[in-house]
Structure formats: structure tokens, C-alpha cells
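Enquirer: Chains as they are written, first to last, in this note's numbering: chain A, 1 to 401; chain B, 1 to 401; chain C, 1 to 401; chain D, 1 to 401.
Check before you lean on any hint, since a few could be wrong.
Chain D side only, calculated, beta carbon under 10 angstroms to chain C, not exhaustive [claimed, not checked]:
1. THR41
2. GLY77
3. ILE122
4. ALA257
5. ALA288
6. GLY349
7. ASN352
8. LYS373
Simulated from the structure, these hints should not be mistaken for lab results.
Please read all numbers here as calculations on a predicted model, not as lab measurements.
We put the beta carbon where it would ideally sit given N, CA and C, even for glycine.
There are 4 protein chains.
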Amino acid sequence: MGKTLEYSGSTLGKDLFVGKGKPTRRAYGFDEIALVPGSETLDPELCDITTTLGGHKLEVPILASAMDGVVDVKVAGIFGKLGGLAVLNLQGVQTRYANTEDAYNEITSCDKSSFVTVMQKIYSKPIDESLIAKRVEEIKAQGVVAAVSVTPNMAEKYGPIAKEAGLDIVFVQSTVTGIEHRSQSGEASLNLESYCKSIGLPVVVGNCVAYRTALELMETGVAGILVGVGPGAACTSRGVLGIGVPMATAIADCYAASEVYAHKHGKAPLIIADGGMVTSGDICKAIACGADAVMIGSPLAKAKEAPGRGYHWGMATPSPVLPRGTRIQVGTTVPLEKILNGPADVDDGTQNLTGALKTSMGTLGAPDLEAMKDVEVIIAPSILTEGKVYQSAQNLGMGRI
Amino acid sequence: MGKTLEYSGSTLGKDLFVGKGKPTRRAYGFDEIALVPGSETLDPELCDITTTLGGHKLEVPILASAMDGVVDVKVAGIFGKLGGLAVLNLQGVQTRYANTEDAYNEITSCDKSSFVTVMQKIYSKPIDESLIAKRVEEIKAQGVVAAVSVTPNMAEKYGPIAKEAGLDIVFVQSTVTGIEHRSQSGEASLNLESYCKSIGLPVVVGNCVAYRTALELMETGVAGILVGVGPGAACTSRGVLGIGVPMATAIADCYAASEVYAHKHGKAPLIIADGGMVTSGDICKAIACGADAVMIGSPLAKAKEAPGRGYHWGMATPSPVLPRGTRIQVGTTVPLEKILNGPADVDDGTQNLTGALKTSMGTLGAPDLEAMKDVEVIIAPSILTEGKVYQSAQNLGMGRI
Amino acid sequence: MGKTLEYSGSTLGKDLFVGKGKPTRRAYGFDEIALVPGSETLDPELCDITTTLGGHKLEVPILASAMDGVVDVKVAGIFGKLGGLAVLNLQGVQTRYANTEDAYNEITSCDKSSFVTVMQKIYSKPIDESLIAKRVEEIKAQGVVAAVSVTPNMAEKYGPIAKEAGLDIVFVQSTVTGIEHRSQSGEASLNLESYCKSIGLPVVVGNCVAYRTALELMETGVAGILVGVGPGAACTSRGVLGIGVPMATAIADCYAASEVYAHKHGKAPLIIADGGMVTSGDICKAIACGADAVMIGSPLAKAKEAPGRGYHWGMATPSPVLPRGTRIQVGTTVPLEKILNGPADVDDGTQNLTGALKTSMGTLGAPDLEAMKDVEVIIAPSILTEGKVYQSAQNLGMGRI
Amino acid sequence: MGKTLEYSGSTLGKDLFVGKGKPTRRAYGFDEIALVPGSETLDPELCDITTTLGGHKLEVPILASAMDGVVDVKVAGIFGKLGGLAVLNLQGVQTRYANTEDAYNEITSCDKSSFVTVMQKIYSKPIDESLIAKRVEEIKAQGVVAAVSVTPNMAEKYGPIAKEAGLDIVFVQSTVTGIEHRSQSGEASLNLESYCKSIGLPVVVGNCVAYRTALELMETGVAGILVGVGPGAACTSRGVLGIGVPMATAIADCYAASEVYAHKHGKAPLIIADGGMVTSGDICKAIACGADAVMIGSPLAKAKEAPGRGYHWGMATPSPVLPRGTRIQVGTTVPLEKILNGPADVDDGTQNLTGALKTSMGTLGAPDLEAMKDVEVIIAPSILTEGKVYQSAQNLGMGRI
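Start from the sequences, fold in the hints, and give me the full structure.
Expert: Put into C-alpha cells, the structure is as follows:
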């Protein structure tokens, strides 16, 4: 048991125990932290939010998740032109169907009870390898950086095909990625270090949450790591598997690894916070905790251009034995441009994400993303208290809870 | 008062006080913890979830609670063949009625207001000792391990009868079991040490929650201890008696005792977490906190084969003076096989419990249950925040809370 | 500011700060604690719950609050015969009206909007001093201990009248009682020490919450102190005045004072927890935190015999300038006997309070109230989590929150 | 990162971390604290609640927020005569429209969806400088202290005009104020020190939240500082920008600065808590945490005389690119006099704010505001527990949550 905390490379909270002899520590989510302004402020226009991933400069440090309801070829083009980076799921609808129209129709029109079955059927169609090259070419044709996501076991097969077609960045992504994976067949799982060298492209890998894992992944030569495993409290990973780390802590832990790495190597891979961000405030917090960029899904699934047509679904849903994630109707609101760069029509943090980030940075006196990581973070839970329930009810014009 | 913390064998949290001079410590429930993935992962198929209780190997480390709505003879057979172990309540409907049909009819068809009275009446019928042997024989006839639960005061009377009929494991179970019990009549309460020797069968005893009690119970020669007293926050024991210990802490405390015991004796009795688990995620957490197996009731009461026909009720309900526990309509969903071994049709952690456990272990890099006890556990409360209420409301298609 | 913590006699939590330079500590309510069973259990029948107040032995350590909706002369008789002690409000309806029927009619039949006005009118009728003697005599005529409650400023006037009529115990009670009170007129406020000597009766004083205040009050020669100021989170005192101390901490603090006092004087005044207890579990917790007895209001307002006819209201409501407290419809359920001594028809901790207390003590291995104060108390918040909301909603047959 | 905590001048909570290497501390809101009575009490009439701001004595330590729905010329007169100080927004409706009737009509009659657009239009009308003088003169004509609020960039232009018209106190107010601001144009932002000297009027500046910032602002010669940034958990600043500090901690931190300043200079500027107070209890807590006075908006927007006619809206709403804050229907209840000085018709802490403050001070034994800052503050969260939800539901006559 003494192994436990050492394992995650953490010696924090050494006075906290689950029970006798079981050390633990407190982890925090976005809802539990807030940023503290100091003595300096500056005009939002002065705040530099650019970052660089694998040699590609991003005007906007926001990535669109490799989820079929969020990114298709068209979104990749629009989002890239707006300054962000959209990542296409290379093992989803886009590469299984030449014409994706029918697949999306089925997914978004079936009822709740048949959704899992429909998903299992649609994703049982084999991947058409010719579509891999086609999709990458279609993205490149729009003049933007092309990025796709593949699972570790398919990375060596599909990566080179996509590269041939002009791919710029490859994301090797599974729910949880460690440095070592054992499979039943005994065949060696993906060797990341070799892969990074052989593929000849910037590799982003994930997802991970722990300090030591992040450090080990960085040593393989990746350009970035995705941070986030089951962040939301309502997240299926947590209910089904008991697994999950609140984002603020996960990011701060991995950022600590990147600092150690940077101290040794000069420059560390990018920390990309992935999951659990629903408002611009969450994005500001993610960066203040140590992220260089963020990857978001549901906030973009609401866009007019989103292929999900107002629906958002997880990529673990089609699992034939243990479906996780579900389909949520997020609705369709405004164009991607308004979500990303405003102006905002609403005041809830779902529009003008970059404007909010710059305003937050200005208010906090942070001229760039690096400086944003140094702002004070406090623990300030937005716990639901009795008073707030009554107040909310009143504000909503309700006479009772 | 200084006695207090020493009593539970704990020196943790020595800086926490209820008030001046009243030391205390923080205890955690399943909702407040989460598991943290590390650097290694492995294929779920490689994960070994077997355990051994009293010499009987269990393919599935899940026990079905000795509750009349959960286990009857038929369920004992099915559940055993699926790899788990169902425990029959030897002082319930099964041994009071040769034909249990009418009793179940009454319990499940009465209305809420008459439920307590109905229960009191049904359980006032004396136990028919011939049925004890009959039920055990019926279970054995299905080719599975036979296990029954008796109360301490009836253990010496009913245990031998059941053993004669072929019983494999006896559970001696009261709400709370300590090593010493004083009764008004002055008659000696059950001497566990003698009982374990004389009965000639593996004995499982419970329920307990504290380190020292667990250690003392282990010294009596039992094969396993049940851990859990009033775990749920809404649990009646807590409202009526003020008693209860959140499960994560209770398990970790008793696991600490088993480690001490194993260090001394080579091998410790099994720690069986009992109560408060509703999802596969909870089961994963229970094992990560130190349990060797889990005992669950309500998740199985939903099974098509459950004798409760969609209802679940506590065994303290028929108390003539202080009824506790209530009847809950859980509904009837799918067969036991789907609940235990999947495939799951839903994504909420109520189906394919073993699949989820293996996937969790694989994600956490734990090849067997012993290794699972070493994964990092963090405190990560799934507290209901204002944001989450709004979000939930939105997800449910509600315009307001 | 350094004075702050010293003031309450506490040096606990010296590492906790509201902000820079403002030390504080965490206080706990009943909802946040639970009791932990240990190695011994005993039959509930063996548990002695008697206590002694001012020389009067109480079979039941429960007092009925001096509130007009809870105690009248008749209730005082019934409750006393059941073993408890009911305290009559000497400045309420009972002493303002010879025939109280009409007053109760008005209070319980007016609508919500006119309630404050009605109360202000009813309580503006002057006290009829002849009724003071009459009420005390009526209580004594039923063969029980007679106890009344007066405010500090009226204690010297009404106390002797009541004593003359046969009073046994006098409660001197204001919302908050300290050892020293300054009034505008300059006239000396009640000198408790002199009063205890002169009145020639056991005096119970309250309410207080802090260690030092409790100690100072004990030094005046009182027989008991009432502990509790604005305990509930929804309590009006907290919303209107910002004042309140969660009960578990308040009781433990005052109990610490009683231990110091007992160490010096051999025996300390009784600690009577007053407020915030709604279930038998709360009563068990109050005693485990250090209370010798409890005073409850709303749980008794539900009794068939309660003068409030299903309504319960606070005694600060009639204030002409700053009304606090409100009228709550608690409904009428069962006779006082069932509430106090069962048998219970329900399983929610509102009936058979003494049975539950004895069962709790037996489960915890505490043969008497003194031993009950030594059981382990853990911090185990019954926080409302997302999972629980969904679960509750499901249990209630609701498809959504 | 080590810089982080030093930055806010705090060395508290040095054992708390967001994650590895990211130190943090816990901040508290009004809902999480409570005040503890001690050994002394005094009659409320003896409590002195007066304070002095910029040489002007205030009978009531309550300021009305410079928000268009709360303060107009008429309210400034009434509120001043009642003993408080109302601050007029110098860049809102009052100085853009000679006749404000139509503007208020539009704001309060438009529907929710068009509100942001309507606000943007109304606030796009240029400020009429002649109205600045006019409004100040109208306030002065009522015989009260005249105070207005301007933004930092307009302070040098509008301040002198208002002074010329008889202004008494100028509030220089932006969402967040630090000592140094950099703007794109390179032009120097407002130099507070020079401004305080040149304007020849008491200057109040804000808002700030941190110890060091407060100290630096005090050194510029201001008469008071406003404390509070995004205090409410539901506050838009927190959702949109991730920024916010719970009030109890923000006030205590700034109070610590004022103590250091006073130790050096004899007397410190006033600490004015601004935001997040909805009840009299909150006001009591604000002062106990170290505030000399409070500034409130929504509690006054409910007044019969409020220009918002039952509506309340934030001043960041009209932002053309990043609207924050929203319009809330607070309803119209009673005259300002009843809200401020009672008598109260209700018991929820929204009326008779000064009566409640005096009663709280009397109960806590604090003869004046300075003494109130020394009362013990405990952490006592009014967390919503399961029990409370059921209880509330029951109180509201609801059969379910």
C-alpha cells in the first residue's frame, strides 16, 4: 500500500487517509476552484493566447475533440481557419462510410432505447482504408492543419496512410494511456518511442492523469499529451469503472511533470486538457492549472456546423460488451465562429470563448498563456446550499424548489 | 474521551475535533472517492477476478445478500452457476413457509401504509425446522455451493441442521457484530471461537466496521468478515440509531486489520464489503479499498429471477418495536446473467458487473484482486453543485431545475 | 483578532483561517457525524437511559420545549408520566389567557400572510399573574415534576410566584445567554449566582454554545445548561443575524466545560442539547457528543396531544420589530406515548425515541448515558450527491429530478 | 509557481495543493460561516452601527450599489435621509438620458431574449456631460451626501465636472482594480495617487480581493476600498472568466491589509464589502469578517422606490462583445425605509437590516462595528443534505423533491 502514493509520484496530502493505512489526497474539479486577481490588470487586446503544437502555431489554444458528433471534414476546415485545431476521428463514421449522411441520420433520429443498438450496428461496418487518405486530403484542401485520432493498436497501420495523404499531426488516443500495455495475444503493444521516431510526424498521446505517467509519456518524444480521465462527476467512467480524476488536479499534476521535463530538456510537450470543460470559465481555469491548450467536445457540438445536428455522443458507446457514454441532445445554437470568437449573445460562458479567455487574462494581469499558469488558484466550491436552491428557484420564477 | 480513537485502533486525523476535547476523523463513502490510472494498462481478459472463500473458489467475487427479496433457492442455483455465491436467509420466508408463493404475494402487493404490519404478520409465523434441511438440500441439488445466513442467537441451533443437510458455508450475521455481547438473561451469547471449531464449516461473520473489531473477529477463526454498517447516507440505521460508517473508510480499516492478521498468520479471512454498492463502479472502489469480495442486494433485486418481483426490502423491517428499513420498488429489468456477466444494454454501471470490474482492473493495470488493492484512491467528491444541477436539468430536457 | 479563538476557550484548528489573520475552526452538525460501533454490544434492555436533573430523576432523558405549540398543562402531565420532562412557557398563551382555546384557534387557522400580525396581537395581551400559579398547580395536580421557562428579565418577578405554587425546576431562557448582559436602562440584569441561591429551586439556564460561556454559567450554581443557538442550517437566526453553531460542535464544546467543572467540583450541571434534533438518530448523536439530555420541539409538535394542533411555531415570532421563526405545519400523527416509547409504526426515526436510543446504545456497547459519551464519532457528511438525487428521484417514482 | 501564494501576500494553507507543485488555499463564502456568541450580551439599542467615510458620518453602514436598477436621484435622497449612502452610476441611464422614463420602460418591458440587445442599444447613447452636473445637483438639493461612481478611464474627465456640481465622494470602480493597468494605446492609465491628490475629494476605489492589492491601493490615499469580485457561486464572472473569491475570505484578507496599514498610518481606509449579500445575516457576517460597511444591490432593487421597477441587472451586460450579468426579476416589495430600518413583516432577513445588525451585535456582545470584527467566526457550511431536501419539501407541502 505504501506503493500507492509513490506510484503517482505524489507525496502530497500525506496526512489524509481513506482509512487506516490507506493514504490518499484530495483532488479538485473545475467547479471547486476559482482564479484570484492581483495587483496588475491589462487590456484584453494585449493578451497573447497563441500556442504552438508540433511546430504548428495555433492562434486559438482550443482543439475540437475527435468525436463524430463534433468534427467532420467541413468542421475541420472552418475550425482551423478560425485559429483552432479540429481532430478527426479516424475510426468513426468518416472512414466507415463514403457518404456519411445516412449514418448521421440514423444516429440522430433513433430513439433513446435503440441508441446503443444503432451505434453498435453503425460502428460494426469495417473501416474503408481508402477513406482515410480521402478525409485527410479533404482537410488539407481547405488550407488548414490536418490532425486525426487513432487508437494505439491501429496507429502503426493507419498512421502512415494518413501521413502519405498529407497529415500534419497524429493523435494516438485511448481512454487511458500508460507507457506499458499488456495484451492477451502477447503481441507487443504500440512502442510509443519507436512510433514517434518512425512516423515522422508530431504525435499527441493520451489520455493520462498522473504525474509519473505524464513524465514517462513525455520521455517518448511526443509533441503533446492529453490530460483527463473521467473528469465529470456524472461521467460514465466513474459510475461504471470507478475511475476518474477531477480536472484541476489532473492538469496540475501533469503540468508539474512538464516542468520537470522542461528543466531537463529545455522544452516540454504541450499539456492539452481534455474533458469536463463546458464554459469559458472552465477553459480559463484549465490554463491557470497548467494546460497549454484545451480540447473540447460538447461546447462545439452545439454549433450550427456540427455534424451531430444537435446531438453529442461518446466514442465508447458502440462497445459490444460494455457500452459507456451516452447520447445527449445539446441542441443547435450559433455558428462556430460565434462560439469561438464572439461576439456573444449570451452571458453564460458558452460563446466567445477566446474573448472570455483574453478578458480573464487581462483581469488577472497575464500577458500570455505561460503567465496565466502563475495566477493564484483558490479552492472555492460552488456547492449547492439550501439558500442557493431557494434563490435559484426564485430567479426562475418558481414558487417552490 | 481519549479512549475514543484508540478504541477503533486508529490514530489518524488526530488534528480533527468534533469540538473541544472530542477527537474525530473524516470517513469517506464510495461517492467521495475515485480510482487513478497509472503507467500500466492491460487487456481486461488478462484480469483474474477469482477469489476463494472457505476453500470454495468463486469465479466471481460477488455474493448475493441474504435478503428475502433477493435470494431464494432458485436464485441460489442460478447465481452459483454464474460463478458467484448466493446466501439464503435461514430465518425468513423460505423457512417459515413450505409454499412461499402466498407470502411473496402479500409482501409485494400490499400498499405502503400496511407494509410494516404485513411484514410483522408474515414474519411472526414460527420457523419450520424441517424446511431448513429442505432448502439446503434444494440448493445443493443444483450443484452449487450452499450458503445460509443465521443470527448469532440461532447459530448453534440451526447451523448443525443445515450442515447435516449439506451446507457448505454458514454466515452468522446480525446488524452489528462485536466480539462480545451481553444479554439480559445472562445466558452466554454465541462464542464464535468455539462455534468455528464445533460447526466444522467455514464461518463468515458480520457486520463490523472497525479495525480492532475486525482483528478480534479474525482471531476467532472465521473464514470471512462482512464489512458495512449503515453505509448509505440515507440509510435507516443512521437516521434511527445515528450509527453508520461510510464504506470506503470501513473497508480500508478492516483491510488494515487483515494485513496485520496475515502478517502474523500467513493468510487472513476474506474481507467482504456488504452494503451501499449500486453500480459496478462502487464494486471496483470497494475492492480498491481492500475488499476481497462484495455482497450486494438491491442491484440483484432487479433481476428477472429475483423472488422480490421488483421489490426490495430490509430484514429489520418486521421488528415489532423498532422497524427499520423499508420496501423499495426497484423494478424488474434483465436476467441475472446479464447483470453479472453482460453484455450490457445500458451504460449506467448496473449491468455486466464482472465485465466492468475487469475493464476497470485492466485500465488500472491490476492483474488480480490483490493488485487492485494497491491502486491509488483519491478523494474526489461527486458533490452536487449548482452548475451540475443546471446541466442535469438541461440534459434531461428540462427548462428549469 | 488573536483574541477571537481564545475567547471561546478553543485552540483547535489553529491552522484554519477565514482569511489572512482571521483564525477559525470547522464546526459540525448532526448531519455531518455518525457513531461507530466497536467490539462490544449488549441487549437494548440492559441500557440505562435515566438521568437526574436538579434532584429529580428522569426515566427518559428527553425534555419537551417550552413552546406554545408543544407544551400545555395537559402535555406536561402526560409527558411527565411517560418519564420525560415538559417545560411550560410562562410568558406565552398559557399565562395570557385563562381559556386558551380561542388563541390556539386563531394561531392555527389564520393564513400564512397574516400569521405574524396575528401572533403579534395575541402575544400583546398582558400576562395574568394569577394564571402563573394556576398553571403550575394544574401541572402538579397530575403528579409530575413541574418545570417552567421564563426570560431573564422576568425571572425575579415570576419565579417566586411559580415556586409558591409548587414549581420544581425553573428554566431561565433567552435566545442567547451569557454571563453578563448590559441593558440601556442601566438597571442590573439578572445576577444568576444570586438568583440560584435566592430562588431555592434548581435553575436551568440557556441557551449557550461556547466552552468558556458554559464554564462561567456552571460556576453560578445552575442545575443544567441548555446548549444550542441557531443550529439548523435553515435556521432563521442564521439568516437574519448570521449567528449559529452546528450542534455536534456546540455540545462537545460545552461538554468539555462540564468535564473541567466536574474535575474541580465533583459533579457538573447537566448538558441539555436544545434544537436541531428531528430524529432519534439525532438524539443518539447529541448524547454521544456529550449531552446528558435533550430538549426537542417539532418532533413532539406532531403528537396527537400537542396544543399546536399540527402546527409548530417559534417563540421569537411575535417580536414587533424583528420577527424571527415561522409557523410550520407538521401535521398530527400519533400519541406522545408512541413517539416517546413506541412501538414504532414507521422506520424514519420519528417514533419510539427511547427504544431507538436504547438500541443504539446496545449496538454501540454503551450501558448508560455516561458510556455513550465515549463512543467514537466520525465525520461522515450526508452530502447530497448527484447520484443520490437521481436515486431518490427513482425511489420516489419520478422519471427526472 | 512558488510565486503564486506569495503574490497574494498569503502564507496560509501551505499544505493544500490543487495538484503536485500548485499550492492553494481554501476560501469561504457567507454561506459557509457563522458567528459565535460568547459570554457577554447587550441590548441592541446600545449598539453603535455608525461609521465615517471620507469625513462624512453614516448613521447606517450600508451603501446602495451604483447600478441603474437600484439608484437614481430620488433613491439617493431617500436612502441618504435614512442614514445610508446611495452611489449613482455616472455612466448609465441617468447621464445618457435627460428623461430616463423611456429607457427604464424599455429595459423592464423587453422579453428575455431581446434583453442583451436592448441594453446594448440603450447604453450606446453617448453620455450627456451636462447631465452629470444636473444629477449631482439634484442629489445635493435633497440635503444628502452626494456620491457617484465612474470608471477609471473616465475618472479624470467626469470627476471634476461632478465635483464642480457639489459632489462629496467619488467612487472609481471597475470590475477588478489593481494598482497597475496596461492598455494597448500605451497611454498611462489612471494614476490613483495623483488623482486622490488632484480631485480634492474622498475617493473610494474598487473592486479588489487580495491582501497585497488592498494594501497597495490604500497607499494611494483612497478613503475606502470596495471588496468583492465574483463572490456568488452562480456569478457570471466565475462562469465566464473563471474569476471570483468567496466574500468571507476576500474581506478578511483586505481587512488584514487595513490592519497593517492602520498600524503604520494610524487609520486605514474603509473596507466596503460589495456583492453577494442577500440577507441581514450576510451583512452581519461581512462586518464580522472585517468590513466597515457594505454595498448592496439586489436587496434594495426590491424596494418600492427602486428605479428598476422590480428588475435588477448587472452593469457589464451592455458589453458589445462579452456581455456578463443578466436581468433578474426581483419583484417589488416594501419601501426602502422598511428594508433598512423595519419593522420587518417577514422573518427571512430581507427587512429591517439595521435592526437585525444591532440585534446580532447585541447577541454577540459587540457595542460597535469595530468590536464586531472580533467576534468568533466558525466554518459551518449550510450544505444541502438529503435530509434537508426532504424536510424542505415537506415544509413546502410537497410530496416529493
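Enquirer: It remains to establish, for every hint, whether it holds in the given structure.
Expert: So, going through the hints one by one against the coordinates:
Below 10 angstroms, beta-carbon pairs count as interface contacts, and THR41 (chain D) has one with chain C at about 5 angstroms; its hint therefore holds. Because the beta carbon of GLY77 (chain D) sits about 25 angstroms from the nearest beta carbon in chain C, more than 10 angstroms, this interface hint is broken. About 36 angstroms separates the beta-carbon of ILE122 (chain D) from the nearest beta-carbon of chain C, more than 10 angstroms, and the hint is not met. The beta carbon of ALA257 (chain D) comes within 8 angstroms of a beta carbon in chain C, closer than 10 angstroms, and the hint placing it at the interface holds.
Because the closest C-beta pair between ALA288 (chain D) and chain C is about 7 angstroms apart, less than 10 angstroms, the hint holds. Below 10 angstroms, beta-carbon pairs count as interface contacts, and GLY349 (chain D) has one with chain C at about 4 angstroms; its hint therefore holds. With its C-beta approaching chain C no nearer than about 6 angstroms, ASN352 (chain D) sits inside the 10 angstroms limit, and its interface hint holds. A cut of 10 angstroms between beta carbons decides the hint on LYS373 (chain D): the least distance to chain C is about 7 angstroms, and the hint holds.
Comparing the model with each numbered hint stated earlier shows that hints 2 and 3 do not hold.
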